[in-house]
Amino acid sequence: MEYVGLDNFFRLFQDRLFWKAILNTLLFLLVHIPLQIVVALALAYFLTQKIFIRGFFRASFFLPVVISGVVVTILWQQLYGLESGLINRILISLGLGRVEWLTNWRVAMTSIAIMATWKNVGLYVILFLVGLQTVPTSYYEAADVEGATAWQKFRYITLPAINPTIFMVVILSTIGGFSLFIEPYIMTGGGPLNSTLSAMLYIYKQAFEYYHMGYSATLGLFFALLIMVVVVVQKYTIEKEDI
Amino acid sequence: MTRYFFAMTIKTVLPPSVLFLFLLLAFASCNKERERRGHALEYWSSNNGGEIQFAKWAVDGWNSARPEDRVKYQPVPEGQSSEEIILAAVVGKTTPDIYSNIWQGTVEFYSNAGILVALDTLEGFMDFIQQRCDSVTIGEITSGDGHIYQAPWKINPIMTIFNKRIFAEMGLDSPPQTYSAYLEAAKRFKIDTDGNGYVDQWFGNTSFKLAWYQRLFNFYPLYLAASGGMPLIKDNRAHFNNEYAIGAFRFLQELYRENYFSKQEESAGQDLFVAEKYATKWTGPWEIQYLERFKREGFEYSFYPMPVPDGHEGPIYTYCDPKSFVIFNTCQDPQLAFEFIKSMVGEEGDLKFLQTTNQLPRRKGMDSIPGFQAFFAENPQLQVFAEQARHVRGVDNCEVLTEVFDIISQEYEACVLYQIKTPEVAIADAERAVNVLLRVKE
Numbered sequence: 001m002e003y004v005g006l007d008n009f010f011r012l013f014q015d016r017l018f019w020k021a022i023l024n025t026l027l028f029l030l031v032h033i034p035l036q037i038v039v040a041l042a043l044a045y046f047l048t049q050k051i052f053i054r055g056f057f058r059a060s061f062f063l064p065v066v067i068s069g070v071v072v073t074i075l076w077q078q079l080y081g082l083e084s085g086l087i088n089r090i091l092i093s094l095g096l097g098r099v100e101w102l103t104n105w106r107v108a109m110t111s112i113a114i115m116a117t118w119k120n121v122g123l124y125v126i127l128f129l130v131g132l133q134t135v136p137t138s139y140y141e142a143a144d145v146e147g148a149t150a151w152q153k154f155r156y157i158t159l160p161a162i163n164p165t166i167f168m169v170v171i172l173s174t175i176g177g178f179s180l181f182i183e184p185y186i187m188t189g190g191g192p193l194n195s196t197l198s199a200m201l202y203i204y205k206q207a208f209e210y211y212h213m214g215y216s217a218t219l220g221l222f223f224a225l226l227i228m229v230v231v232v233v234q235k236y237t238i239e240k241e242d243i
Numbered sequence: 001m002t003r004y005f006f007a008m009t010i011k012t013v014l015p016p017s018v019l020f021l022f023l024l025l026a027f028a029s030c031n032k033e034r035e036r037r038g039h040a041l042e043y044w045s046s047n048n049g050g051e052i053q054f055a056k057w058a059v060d061g062w063n064s065a066r067p068e069d070r071v072k073y074q075p076v077p078e079g080q081s082s083e084e085i086i087l088a089a090v091v092g093k094t095t096p097d098i099y100s101n102i103w104q105g106t107v108e109f110y111s112n113a114g115i116l117v118a119l120d121t122l123e124g125f126m127d128f129i130q131q132r133c134d135s136v137t138i139g140e141i142t143s144g145d146g147h148i149y150q151a152p153w154k155i156n157p158i159m160t161i162f163n164k165r166i167f168a169e170m171g172l173d174s175p176p177q178t179y180s181a182y183l184e185a186a187k188r189f190k191i192d193t194d195g196n197g198y199v200d201q202w203f204g205n206t207s208f209k210l211a212w213y214q215r216l217f218n219f220y221p222l223y224l225a226a227s228g229g230m231p232l233i234k235d236n237r238a239h240f241n242n243e244y245a246i247g248a249f250r251f252l253q254e255l256y257r258e259n260y261f262s263k264q265e266e267s268a269g270q271d272l273f274v275a276e277k278y279a280t281k282w283t284g285p286w287e288i289q290y291l292e293r294f295k296r297e298g299f300e301y302s303f304y305p306m307p308v309p310d311g312h313e314g315p316i317y318t319y320c321d322p323k324s325f326v327i328f329n330t331c332q333d334p335q336l337a338f339e340f341i342k343s344m345v346g347e348e349g350d351l352k353f354l355q356t357t358n359q360l361p362r363r364k365g366m367d368s369i370p371g372f373q374a375f376f377a378e379n380p381q382l383q384v385f386a387e388q389a390r391h392v393r394g395v396d397n398c399e400v401l402t403e404v405f406d407i408i409s410q411e412y413e414a415c416v417l418y419q420i421k422t423p424e425v426a427i428a429d430a431e432r433a434v435n436v437l438l439r440v441k442e
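Note that the protein sequences, when read in sequence, are chains Y and A. My numbering applies: residue 1 is where the first sequence begins, and numbers increase by one. My numbering applies: residue 1 is where the second sequence begins, and numbers increase by one.
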């Protein structure tokens with residue numbers, strides 16, 4: 001072991017693959033976070049309605065959250081299979097072309113984001129359910145008296161009222177998204193053409209495939225600081241006063 | 001009063017009792033460690049069933065012959081890979097004295113880290129190694145500092161397996177040995193059987209994964225076959241920017257571009273070779289036991305060497321996935337550890353190893369050793385591998401070999417799988433990156 005001073009930090013700034021991994025992670029977040037919020041909010045809104053066996057649906061949407069990430073990833077890998085995957089078989093039987101879900105570099109990260117959303121959305125559905133149930137019904141009654149449309153009620157009452165929940169979901173999704181590892185590790189190994197190489201996967205490879213423990217620790221430290229900066233920025237751009 | 005006395009007793013006795021128990025447990029652990037180090041050599045093998053059975057046989061034999069020098073045995077603890085477990089053991093200073101399943105490619109890394117015993121400093125080692133291995137193998141395992149840190153143990157040469165029925169139906173009298181013959185056969189075999197517009201029967205398959213070690217089972221054996229066993233790294237420089245590596249990339253690229261090889265990873269429980277959707281694949285002798293267990297009745301297969309460029313002359317080499325014995329420097333009696341290793345890999349031990357694991361010992365002239373003849377006569381499929389074992393290579397002695405293969409793997413992906421680079425550019429880029437890496441390590 002030798003003392004290298006700040007060499008690992010200089011190396012980090014010249015490491016193109018690390019920056020590619022950071023960019024991939026940000027692209028993942030770009031798909032994953034909006035998708036997660038929209039789907040979770042829609043499902044939560046659906047589950048606040050008086051529907052048949054509501055409890056069953058609430059449990060069903062939460063179920064993937066408690067299943068092991070590795071199990072979910074392996075199952076989705078089968079679903080995304082190029083030749084014999086269920087999704088492609090359905091597409092072909094419908095007369096649509098098959099999709100290279102995990103073997104096309106333009107599609108692979110989106111495929112992973114869809115899977116990650118399916119896996120985690122149940123948790124955020126619960127958070128939104130709590131948020132939606134705290135909005136006083138008197139606001140909606142007043143809006144009805146004023147003749148507001150459903151969209152106006154959602155835009156000007158619901159959204160501002162659940163802003164703290166949205167903020168929390170964004171923060172949790174961001175931190176969870178930055179730690180993207182199991183999915184690319186199992187499904188793609190970071191490929192094709194490094195398009196699904198996440199920052200965490202790259203740090204892992206440096207540590208446990210190349211045994212560059214010092215460098216991977218440097219990457220980890222830098223990455224933690226980056227997450228902190230992103231979360232602080234999100235705090236000042238998303239969080240607003242309650243209505 | 002009784003209640004008060006009881007409470008006081010609990011209050012005064014309980015804390016020291018807990019402390020005493022804690023210290024007792026702590027010292028008991030320390031004592032156990034000291035006892036292990038002082039009295040018995042510790043040996044770890046790989047954790048597959050056959051090797052566990054063989055290791056137990058070897059350890060029992062040693063312990064009954066030399067009860068005063070007992071060996072304690074256990075399979076390497078479960079983990080994602082044995083390399084990770086060994087690394088964790090090194091960090092925790094809990095390495096065994098002897099480990100028998102180390103990949104040749106990681107030995108240089110460990111020896112440079114100063115955690116292995118130089119075996120050539122032990123009495124009788126050089127005689128042993130010269131008796132067991134030819135000069136090429138000895139050269140291959142000699143470290144950059146001139147010492148030898150590993151004792152070659154076993155190999156699993158990579159060859160082409162083929163479905164005999166399919167080849168017969170295709171009218172192939174002999175296996176397609178050259179690139180052009182292989183591609184021609186692949187073109188004839190590819191078909192869309194269910195008419196959905198997509199090919200569902202391919203001539204072969206090899207892993208589509210990016211992981212560096214997957215190149216040991218497709219590109220690297222093809223490179224060795226084409227080049228007559230040339231190294232990838234020589235004199236601490238990339239040595240692979242040549243017609244053989246470019247030719248292997250071009251061959252593989254065409255297999256994927258023309259859809260002769262499937263791009264799908266097989267799922268657990270799925271085997272498209274057994275399902276006769278693939279006519280060939282590149283694999284090792286482990287396939288024999290597997291197929292004998294899972295093939296359907298009447299399924300016949302055989303093996304032949306890796307495809308080579310047209311006009312290839314001379315023997316066809318391949319990669320042999322070599323594993324070795326090492327002695328860690330935590331061992332208090334390396335000479336005794338070496339004596340134990342020697343006792344495991346004599347002719348009797350190697351024959352037992354063949355019989356229990358269906359893997360080949362790494363020793364010269366294996367197919368002509370009289371004691372092995374009966375075994376190979378009973379196992380003709382393994383005889384093919386024993387003959388191939390005359391022309392095998394391991395890997396180069398390079399501390400950063402994993403990264404070298406990772407660089408090649410990146411270029412393989414760009415060129416072979418996605419065809420965004422020509423073979424010439426991909427190999428040149430890999431050479432450049434490997435040379436930068438090796439200079440950094442100098």
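Worth flagging that the hints you see were computed from the coordinates, not collected in a lab. Each hint should be verified, as a subset may be incorrect.
The list that follows gives simulated cross-link-like pairs (lysine-lysine, DSS-like), each with its CA atoms no further than 25 angstroms apart [claimed, not checked]:
#, chain 1, residue 1, chain 2, residue 2
1, A, Lys-187, Y, Lys-20
2, A, Lys-352, A, Lys-364
3, A, Lys-421, Y, Lys-20
4, A, Lys-187, A, Lys-421
5, A, Lys-263, A, Lys-295
6, A, Lys-263, A, Lys-421
7, A, Lys-263, A, Lys-277
8, A, Lys-209, Y, Lys-119
9, A, Lys-277, A, Lys-190
DEER-style ranges, computed between Cβ atoms [unchecked claim]:
#, chain 1, residue 1, chain 2, residue 2, range
10, A, Val-274, Y, Asp-7, 44 to 54 angstroms
11, A, Thr-94, Y, Ala-224, 42 to 52 angstroms
12, Y, Val-99, A, Arg-439, 34 to 44 angstroms
13, A, Gly-311, Y, Tyr-210, 49 to 59 angstroms
14, A, Asp-235, Y, Lys-235, 48 to 58 angstroms
15, Y, Gly-95, A, Thr-422, 33 to 43 angstroms
16, A, Val-436, Y, Gly-214, 11 to 21 angstroms
17, Y, Leu-159, A, Ile-420, 42 to 52 angstroms
18, A, Thr-94, Y, Leu-221, 48 to 58 angstroms
19, A, Arg-296, Y, Val-99, 28 to 38 angstroms
20, A, Glu-258, Y, Leu-63, 36 to 46 angstroms
21, A, Asn-259, Y, Leu-94, 50 to 60 angstroms
22, A, Ala-211, Y, Val-65, 22 to 32 angstroms
Because the structure is a prediction, the values reported are computed rather than measured. Each residue gets a CB set at the ideal place from its N, CA and C atoms; glycine is no exception.
Okay, the hints, checked on the actual structure:
Between Lys-187 of chain A and Lys-20 of chain Y the CA atoms are separated by roughly 38 angstroms; this puts the pair beyond 25 angstroms, and the hint is violated. Between Lys-352 of chain A and Lys-364 of chain A the CA atoms are separated by roughly 17 angstroms; this keeps the pair inside 25 angstroms, and the hint holds. Distance restraint check for Lys-421 of chain A and Lys-20 of chain Y: the Cα-Cα separation of roughly 19 angstroms lies within the 25 angstroms cut-off, and the hinted pair is therefore satisfied. With a C-alpha separation of about 23 angstroms, the suggested pairing of Lys-187 of chain A with Lys-421 of chain A holds against the 25 angstroms cut-off.
Taken as a hint, the Lys-263 of chain A and Lys-295 of chain A pair is honoured in the structure, with Cα atoms around 23 angstroms apart against an allowance of 25 angstroms. Note on Lys-263 of chain A and Lys-421 of chain A: the hinted pairing holds, with a Cα-Cα distance of about 18 angstroms set against a maximum of 25 angstroms. In summary, the hint linking Lys-263 of chain A to Lys-277 of chain A is supported, as the alpha carbons are separated by about 13 angstroms, within the 25 angstroms threshold. In summary, the hint linking Lys-209 of chain A to Lys-119 of chain Y is supported, as the alpha carbons are separated by about 24 angstroms, within the 25 angstroms threshold.
A hinted pair counts as satisfied when its Cα atoms are at most 25 angstroms apart, and Lys-277 of chain A with Lys-190 of chain A qualifies at roughly 10 angstroms. The given range of 44 to 54 angstroms is respected by Val-274 of chain A and Asp-7 of chain Y, whose C-beta atoms sit roughly 51 angstroms from each other. Take Thr-94 of chain A and Ala-224 of chain Y: their Cβ atoms lie about 30 angstroms apart, and the range 42 to 52 angstroms is violated. At roughly 43 angstroms, the beta-carbon separation of Val-99 of chain Y and Arg-439 of chain A lies within the given 34 to 44 angstroms, and the hint holds.
Between Gly-311 of chain A and Tyr-210 of chain Y the beta carbons are some 39 angstroms apart, a value that contradicts the proposed interval 49 to 59 angstroms. Under the hint 48 to 58 angstroms, the C-beta atoms of Asp-235 of chain A and Lys-235 of chain Y, about 56 angstroms apart, fit the expected range. Range check, Gly-95 of chain Y to Thr-422 of chain A: about 37 angstroms between beta-carbon atoms, so the 33 to 43 angstroms window is met. Between Val-436 of chain A and Gly-214 of chain Y, the C-beta spacing of about 19 angstroms keeps the proposed range 11 to 21 angstroms intact.
A hinted range of 42 to 52 angstroms for the beta carbons of Leu-159 of chain Y and Ile-420 of chain A is consistent with their spacing of about 44 angstroms. Between Thr-94 of chain A and Leu-221 of chain Y the Cβ separation comes to about 28 angstroms, which falls outside the hinted range of 48 to 58 angstroms. Between Arg-296 of chain A and Val-99 of chain Y the Cβ separation comes to about 33 angstroms, which falls inside the hinted range of 28 to 38 angstroms. Between Glu-258 of chain A and Leu-63 of chain Y the beta carbons are some 44 angstroms apart, a value that agrees with the proposed interval 36 to 46 angstroms.
Taking the beta carbon of each, Asn-259 of chain A and Leu-94 of chain Y are about 23 angstroms apart, not inside 50 to 60 angstroms as hinted. A beta carbon spacing of about 29 angstroms between Ala-211 of chain A and Val-65 of chain Y agrees with the range 22 to 32 angstroms that was offered as a hint.
The structure fails to meet hints 1, 11, 13, 18 and 21 from the earlier list, while all remaining hints are met.
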